[in-house]
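Below, each chain spelled out in residue letters.
Number of protein chains: 2
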Amino acid sequence: MTRILGIDPGSQRTGVGIIDVDGAGKTTHVFHGPLDLLADPAAKTDFPRRLKLLLEGLSGIIDAHRPDEVAIEQVFMARNPDSALKLGQARGAALCAVVMRDLPVHEYAAKEIKLALVGKGGADKVQVQHMVGVMLNLKGKLQADAADALAVAITHAHVRASAKRLGVNVREAWSRK
Amino acid sequence: MTRILGIDPGSQRTGVGIIDVDGAGKTTHVFHGPLDLLADPAAKTDFPRRLKLLLEGLSGIIDAHRPDEVAIEQVFMARNPDSALKLGQARGAALCAVVMRDLPVHEYAAKEIKLALVGKGGADKVQVQHMVGVMLNLKGKLQADAADALAVAITHAHVRASAKRLGVNVREAWSRK
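Chains as they are written, first to last, in UniProt numbering: chain A, 1 to 177; chain B, 1 to 177.
Next comes chain A alone, as it looks inside the complex (with noise of 0.2 Å):
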């Protein structure tokens, strides 16, 4: 068994989702939910503060949970250097929490993700975030951050499994692009 943690970062809510997956590649729900960075009022203007928030949480989840890998979305193209510098500022403070416990990091771009849920790279969020309920067999609506954790998580659950059955190694993260 190994338990996979999904992390879909961002500077006002950053969804984490944690699945197991078994040798075979099934996947059970184990945790899920976003944390919300502007939940202290003071977070709204002190960013500093909201990445404290950011990096104690996911360490706090971490430290409860165990994960023994990360997966994490690849940003392709940010919209604007602005949001990008603030994207990126929080999955930088993301991935700290990550690598301070030395859990080896792999990341997926959206269209594997759409591809490994739906079957289709050009699937759109919503078709992504009703197939994770499904999966995870998840009564109700899933917040949309969340659902995009747990999405990236069973995407890298299933590369995982199949690598295995080929006997290969999974790709290693970042020297994949």
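To be clear, the hints were calculated from the coordinates, so they are not data collected in a lab. Even for Gly, the Cβ is constructed at its ideal location relative to N, Cα and C. Do not take every clue at face value.
[What the hints assert, rightly or not] Covered stretches of chain B (chain A as the covering partner; in silico rule of three or more C-beta atoms under 8 Å from a C-beta of chain A): (1) 18-26; (2) 84-91; (3) 96-105.
Starting from the structure of chain A, add chain B where the hints point.
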């Protein structure tokens, strides 16, 4: 005496500079240097490892020199979304090292730094780096990123001293935008 840490974040090299400032606003050099995030060959392709080197390197410098306050350059406008994302991740990791120690962070625009060091908001980088050497009595050519880190630390020292003379508080980080 107040010890100020200046940081110039970058995903390949992060500049670090530390100065002391006394009650009269007189500055003294303590430490400077670039953190070379590509020194470890594996970090060339492994971006999370680079963030780890940055987080651990900066944390080590903070623990060794125990600064009281931190100054960092405000990113006004990154060149493009891709470089903004890389810079943002480095900046996020640098800020994590700072917020983990609960140090207050002050942000200055490039124009404010040029004004503080050269007296002209339109001064060029080379003039600023030259003035850092003059003001801190450093011999020889300074590495550019380390010089930029010292420059933002000196800027904060000046703003602090002026605020003290005027009997006002230094404007809080991030609430100045």
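Quick rundown of the hints versus the structure:
1. 18-26: violated (count 0)
2. 84-91: It holds, with 8 qualifying residues against the three required.
3. 96-105: holds (count 5)
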